[in-house]
Amino acid sequence: MILIHCPYCEEARPEVEFAYGGEAHIARPVDPSTYSDEQWEEFLYIRNNPRGRHHERWRHTHGCGRFFNAVRDTVTDVFETTYKAGEARK
Amino acid sequence: MSGFRLADGGRIDRRTKRNFTFDGKAQWGYAGDSLASALLAQGQMLFGRSFKYHRPRGILGAGVEEPNALVTVDRGPGRITPNLRAPSVALHDGLTATSQNRFPTLKTDLIAVNNVFSAFFPAGFYNKTFMWPRAAWEKVYEPIIRRLAGLGDSPTTRDPDHYDATYAHCETLVVGAGPAGIAAALEAAAGGGRVILIDEQEEIGGGALSDPAQWPWLEEASAKLAAMDNVTVLPRTTAIGHYHQNFVVAAERLTDHLSVDEAEGAREKLWRIRAGEVVLAMGAIERPLVFEGNDVPGVMLASAAKTFALRYGVAVGRKLVVMAVHDSGWRDALALHKAGVNIAAIVDMRRDVASELIEGARAARIACYQGYAVTGVSGGQAVKGVTIALAGVGKGQKIDCDAVLMAGGWTPTVHLWSHAKGSLRWDEAWGAFVPDKTHEDLRCVGACGGAWDYGKGLSGGLLPAPKPLHDSKAFVDFQNDVKARDIGLAVQEGFRSIEHIKRYTTNGMATDQGKTSNLNGLQIASGVLHRPVTEIGLTTFRPPYTPQSFGAILGHHKEALFQPLRKSVIDDWAAAQGAVYENVAQWRRARYFPQGSEDMDAAVARECRTVRSAVGVFDASTLGKIEVVGPDAAEFLNRMYTNPWKSLEPGRCRYGLLLGEHGFIIDDGVSARLAPDRFHLTTTTGGAARVLNMMEDYLQTEWSDLDVWLTSTTEQWAVIAVQGPKARRVIEPLVEGIDLSPEAFPHMSVREGKICGVDTRLFRVSFTGELGFEVNVPAEHGRAVWEAIWAEGQKHGAVAYGTETMHVLRAEKGFIIVGQDTDGTVTPDDAGLGWAVGKKKPDFVGKRSLARPDIVAPGRKQLVGLLTDDPQAVLEEGAQIVADPNQPVPMTMIGHVTSSYHSATLGRSIAMALVAGGRDRMGETLHIPMPDRTISAKVVAPMFYDAEGSRLNG
Numbered sequence: 001m002i003l004i005h006c007p008y009c010e011e012a013r014p015e016v017e018f019a020y021g022g023e024a025h026i027a028r029p030v031d032p033s034t035y036s037d038e039q040w041e042e043f044l045y046i047r048n049n050p051r052g053r054h055h056e057r058w059r060h061t062h063g064c065g066r067f068f069n070a071v072r073d074t075v076t077d078v079f080e081t082t083y084k085a086g087e088a089r090k
Numbered sequence: 001m002s003g004f005r006l007a008d009g010g011r012i013d014r015r016t017k018r019n020f021t022f023d024g025k026a027q028w029g030y031a032g033d034s035l036a037s038a039l040l041a042q043g044q045m046l047f048g049r050s051f052k053y054h055r056p057r058g059i060l061g062a063g064v065e066e067p068n069a070l071v072t073v074d075r076g077p078g079r080i081t082p083n084l085r086a087p088s089v090a091l092h093d094g095l096t097a098t099s100q101n102r103f104p105t106l107k108t109d110l111i112a113v114n115n116v117f118s119a120f121f122p123a124g125f126y127n128k129t130f131m132w133p134r135a136a137w138e139k140v141y142e143p144i145i146r147r148l149a150g151l152g153d154s155p156t157t158r159d160p161d162h163y164d165a166t167y168a169h170c171e172t173l174v175v176g177a178g179p180a181g182i183a184a185a186l187e188a189a190a191g192g193g194r195v196i197l198i199d200e201q202e203e204i205g206g207g208a209l210s211d212p213a214q215w216p217w218l219e220e221a222s223a224k225l226a227a228m229d230n231v232t233v234l235p236r237t238t239a240i241g242h243y244h245q246n247f248v249v250a251a252e253r254l255t256d257h258l259s260v261d262e263a264e265g266a267r268e269k270l271w272r273i274r275a276g277e278v279v280l281a282m283g284a285i286e287r288p289l290v291f292e293g294n295d296v297p298g299v300m301l302a303s304a305a306k307t308f309a310l311r312y313g314v315a316v317g318r319k320l321v322v323m324a325v326h327d328s329g330w331r332d333a334l335a336l337h338k339a340g341v342n343i344a345a346i347v348d349m350r351r352d353v354a355s356e357l358i359e360g361a362r363a364a365r366i367a368c369y370q371g372y373a374v375t376g377v378s379g380g381q382a383v384k385g386v387t388i389a390l391a392g393v394g395k396g397q398k399i400d401c402d403a404v405l406m407a408g409g410w411t412p413t414v415h416l417w418s419h420a421k422g423s424l425r426w427d428e429a430w431g432a433f434v435p436d437k438t439h440e441d442l443r444c445v446g447a448c449g450g451a452w453d454y455g456k457g458l459s460g461g462l463l464p465a466p467k468p469l470h471d472s473k474a475f476v477d478f479q480n481d482v483k484a485r486d487i488g489l490a491v492q493e494g495f496r497s498i499e500h501i502k503r504y505t506t507n508g509m510a511t512d513q514g515k516t517s518n519l520n521g522l523q524i525a526s527g528v529l530h531r532p533v534t535e536i537g538l539t540t541f542r543p544p545y546t547p548q549s550f551g552a553i554l555g556h557h558k559e560a561l562f563q564p565l566r567k568s569v570i571d572d573w574a575a576a577q578g579a580v581y582e583n584v585a586q587w588r589r590a591r592y593f594p595q596g597s598e599d600m601d602a603a604v605a606r607e608c609r610t611v612r613s614a615v616g617v618f619d620a621s622t623l624g625k626i627e628v629v630g631p632d633a634a635e636f637l638n639r640m641y642t643n644p645w646k647s648l649e650p651g652r653c654r655y656g657l658l659l660g661e662h663g664f665i666i667d668d669g670v671s672a673r674l675a676p677d678r679f680h681l682t683t684t685t686g687g688a689a690r691v692l693n694m695m696e697d698y699l700q701t702e703w704s705d706l707d708v709w710l711t712s713t714t715e716q717w718a719v720i721a722v723q724g725p726k727a728r729r730v731i732e733p734l735v736e737g738i739d740l741s742p743e744a745f746p747h748m749s750v751r752e753g754k755i756c757g758v759d760t761r762l763f764r765v766s767f768t769g770e771l772g773f774e775v776n777v778p779a780e781h782g783r784a785v786w787e788a789i790w791a792e793g794q795k796h797g798a799v800a801y802g803t804e805t806m807h808v809l810r811a812e813k814g815f816i817i818v819g820q821d822t823d824g825t826v827t828p829d830d831a832g833l834g835w836a837v838g839k840k841k842p843d844f845v846g847k848r849s850l851a852r853p854d855i856v857a858p859g860r861k862q863l864v865g866l867l868t869d870d871p872q873a874v875l876e877e878g879a880q881i882v883a884d885p886n887q888p889v890p891m892t893m894i895g896h897v898t899s900s901y902h903s904a905t906l907g908r909s910i911a912m913a914l915v916a917g918g919r920d921r922m923g924e925t926l927h928i929p930m931p932d933r934t935i936s937a938k939v940v941a942p943m944f945y946d947a948e949g950s951r952l953n954g
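From first to last, the protein sequence lines are chains U and R.
Counting from 1, position 12 in the first sequence corresponds to residue 12 in full-length UniProt numbering; the numbering is continuous, with no gaps.
Counting from 1, position 48 in the second sequence corresponds to residue 48 in full-length UniProt numbering; the numbering is continuous, with no gaps.
You may find that some hints are simply not true.
Lysine to aspartate or glutamate pairs mimicking EDC-like chemistry, simulated, CA-CA at most 20 Å apart [as the list claims (entries may be wrong)]:
#1 726(R) x 743(R)
#2 437(R) x 73(U)
#3 847(R) x 37(U)
#4 84(U) x 702(R)
#5 456(R) x 352(R)
#6 90(U) x 23(U)
#7 847(R) x 829(R)
#8 861(R) x 829(R)
#9 437(R) x 277(R)
#10 90(U) x 702(R)
#11 437(R) x 77(U)
#12 421(R) x 17(U)
#13 847(R) x 31(U)
#14 847(R) x 38(U)
#15 813(R) x 946(R)
#16 567(R) x 582(R)
#17 421(R) x 77(U)
#18 839(R) x 635(R)
#19 437(R) x 80(U)
#20 84(U) x 697(R)
#21 421(R) x 73(U)
#22 726(R) x 946(R)
#23 269(R) x 164(R)
#24 421(R) x 42(U)
#25 567(R) x 780(R)
#26 840(R) x 31(U)
#27 847(R) x 42(U)
#28 847(R) x 41(U)
#29 84(U) x 707(R)
#30 84(U) x 705(R)
#31 813(R) x 877(R)
#32 84(U) x 696(R)
#33 839(R) x 31(U)
#34 269(R) x 559(R)
#35 338(R) x 356(R)
#36 841(R) x 31(U)
#37 938(R) x 843(R)
With the C-beta cut set under 10 Å, the calculated list includes, among others, these residues of chain R facing chain U [stated by the list, open to error]:
#38 245
#39 249
#40 439
No lab work stands behind these hints: they were computed from the structure.
Glycine included, every Cβ here is placed at the ideal spot set by N, Cα and C.
The shape of chain U in the complex, shown without the other chains:
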């Protein structure tokens, strides 16, 4: 059971309170109609699958309900850091 630090609650809580939300820093385009089919496909479906540092979204579903970002090592599952949505990539 991983402990995850919620940057809004400022507290480490058990992972059962959280839900995974996919890769982070994939912003929805302001006007999707300007995207080519290839660009749109990439936005929809193409994701990184690194061995090591992974930027990903989590939601403190059974807590404050906020979405936030995290850097997790996919080999060790160690969370390097968590930070609020909207903050620059770490």
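Once you've looked at the hints, dock chain R against the given chain U.
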């Protein structure tokens, strides 16, 4: 010596006898005995039959590593536990144990014929032998294999025991209470932090329990630990796994060591422990040696024989031979000699053995054979003697004995270290993997850390074989009957990685997870491949460390507490009316209300007819509801849903269609605008949480500039649907402050007012095609309002209807159910809902995807209606549809039935289906092949009743 019990010694209580049975025969032992030691004391050497060949097997080890002596313990109905290791079963009065995998008895096993034909059962034999014919697999091969190869039977009745669970936190958790673990616990406890010390055995002490010289120290240390307030000592507790951030799960056995009469309370307790630091002191397990006949009952680990003698006061034989490649074998032999056990000889593959050991053995008059190896064991159900030969070559000489002890070196118990993803390094001196690096606050002490002095040894899995390998009966994995030659064969057939060799041969895959076989298997593979062990790799250890009952893992989460069952406030009323229920997501919903002896079809037909001809009342409380509030509420919904929302006037409702960004339908529902800045959204029953999560996601991360609040109100509102031509007349007398006339309150509108004196949001909506209202009232008033409406309804012949009738009525109107008529690959156009997509809207979630090439391509599956040529034939939901029923199998399937019912209103069956190019097939006849017949049906528009919608006005 009486039997095999030594005259004195051991930690058993010789004044307290324990009576038990093994295979139905009365036996006895002493308090403090294990099942294994008590039976050995009676001279019992045969404990079980092997998995594949049904070879007779005896005790190998004295702890949890035991692969052979698996027993079933019967503590009464529902309390039968198979596959327990006899050395780990504490003896108590009335213990009822039986051996396993034998037919009909342990001594005379008819299936042991497998043993004779063992040449035909090589590695991968299941894969090779039972391939063809395919049809025989299920009926012939599998039942036979299941009978031949097996472990104990799982209980068939309900487990009457309950299981406790707890969370614990500590600064230091020590796993394993041998000398190293106890020392670590004492040291940590002196610092004042909370310490938990757990150990799997009946009492703490570990290896010290088999060494009387350490008992005074052990007693003193135990007393010290017991006296410290910050220390919790948990014997009979197995750490089954290490998880992230020093989260260790341990199972404490509370009652299994007691007689059935003494046992009270929970059977086991699962500890979930979060520790600052974890200290692993799990010790090491001695390794067997791989030689011809190493599985004959009486061949066992030297350390096990020492434990049986010094801890339990039992000799494992009257005349023993030790086969060692390691100093510890000599030391154990000398300790056994001192305890009164007769050691005839020590055989060691090494020519150079420390002179002190040789002198010690000579002083004890033990014959020493350096440079020799055991090349054979005589005896079937018990050892009669061994053959030894210089360097393992040649004819050799025989030594009479009734037990053979193996000292093959030691394997550190690194299981939990590996669970924690700690890395391992190969240590030549140990001939084993020892802990290296970890990112957890975790360390290994004592033998499991590689820091224990067992003396020197020789590492290598295999002793010289006197016979050609293919004829050899030298076992590596005792529990899964894997021989040295199986590993050789796997390599010969091209397997290189130990992970593949393991799965092909099943080495290390039994319930002991290879505690005694993994390293021998690895070293044999290394030898055959001529590659160092480190290049072949190590298989991964996974929890649980030893087999674990599901009961403890489940704890209190069973039966009603297994998963929450959500009930509406009207549920009790439905129960009193004899409703038949169905579960929808986590909700329990009334499916239909049978009267008298009605079956479902009869009840649903009556409910449908009554709704269409008079009126019906339906509990729709489970609908998901979200309150959307804020100045940007309309803008937000406009971006989320396909439909336009900004133009919707307060007091009006709209059917909303929600897509994922991929363009496929994921939810729908009717929503109302109550005020310019306030919407009452509804979602599907199963989709409420998902939709709210998705909306929060967009609101928080994409459009955080919008000023909107979302609140789940699903359980705050009870919803009573009143549907049918007399619906208005039923609610009219109960409603205050709302003009119900058609002109003032048209279809798809909402009004706030009172019903039965309670605040209501009254929707005029219809999921039946009839005049309809949905009465929303605060949940605490739901039951009272329902009863008032029900009472009023009785004056108009009202019926209460359930989800089944709701489904039929909506299907007659062609309304979809998301998740039934859609499956996550259906676009609005596919579902015939193109009208719900705002063409002028610049953007909404999923809009861009609706222009993707594969979404606009012709030939997509589209929702259509189907009318069977035989009006009484009701299609099966999920059935596949073909254009030409006479084409050869496998046929080209062009779609499937999504909804299908008998319609009492129409007096015939109706169905909806997703069919490729469906809307271009109107009037075509398609075919639905079933096992017994092929049903033909005509493609029609998915609208079977009142196409013009005139009934909406009552």
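Do the hints match the structure? See the list:
no. : hint            : result
1   : 726(R) x 743(R) : 17 Å, holds
2   : 437(R) x 73(U)  : 16 Å, holds
3   : 847(R) x 37(U)  : 13 Å, holds
4   : 84(U) x 702(R)  : 13 Å, holds
5   : 456(R) x 352(R) : 11 Å, holds
6   : 90(U) x 23(U)   : 13 Å, holds
7   : 847(R) x 829(R) : 12 Å, holds
8   : 861(R) x 829(R) : 10 Å, holds
9   : 437(R) x 277(R) : 15 Å, holds
10  : 90(U) x 702(R)  : 19 Å, holds
11  : 437(R) x 77(U)  : 16 Å, holds
12  : 421(R) x 17(U)  : 24 Å, violated
13  : 847(R) x 31(U)  : 11 Å, holds
14  : 847(R) x 38(U)  : 16 Å, holds
15  : 813(R) x 946(R) : 8 Å, holds
16  : 567(R) x 582(R) : 11 Å, holds
17  : 421(R) x 77(U)  : 10 Å, holds
18  : 839(R) x 635(R) : 16 Å, holds
19  : 437(R) x 80(U)  : 19 Å, holds
20  : 84(U) x 697(R)  : 13 Å, holds
21  : 421(R) x 73(U)  : 13 Å, holds
22  : 726(R) x 946(R) : 17 Å, holds
23  : 269(R) x 164(R) : 4 Å, holds
24  : 421(R) x 42(U)  : 34 Å, violated
25  : 567(R) x 780(R) : 13 Å, holds
26  : 840(R) x 31(U)  : 15 Å, holds
27  : 847(R) x 42(U)  : 16 Å, holds
28  : 847(R) x 41(U)  : 13 Å, holds
29  : 84(U) x 707(R)  : 19 Å, holds
30  : 84(U) x 705(R)  : 16 Å, holds
31  : 813(R) x 877(R) : 18 Å, holds
32  : 84(U) x 696(R)  : 15 Å, holds
33  : 839(R) x 31(U)  : 16 Å, holds
34  : 269(R) x 559(R) : 18 Å, holds
35  : 338(R) x 356(R) : 16 Å, holds
36  : 841(R) x 31(U)  : 12 Å, holds
37  : 938(R) x 843(R) : 38 Å, violated
38  : 245             : 5 Å, holds
39  : 249             : 9 Å, holds
40  : 439             : 5 Å, holds
Consistency with the previously given hints fails for numbers 12, 24 and 37, ordered from lowest to highest.
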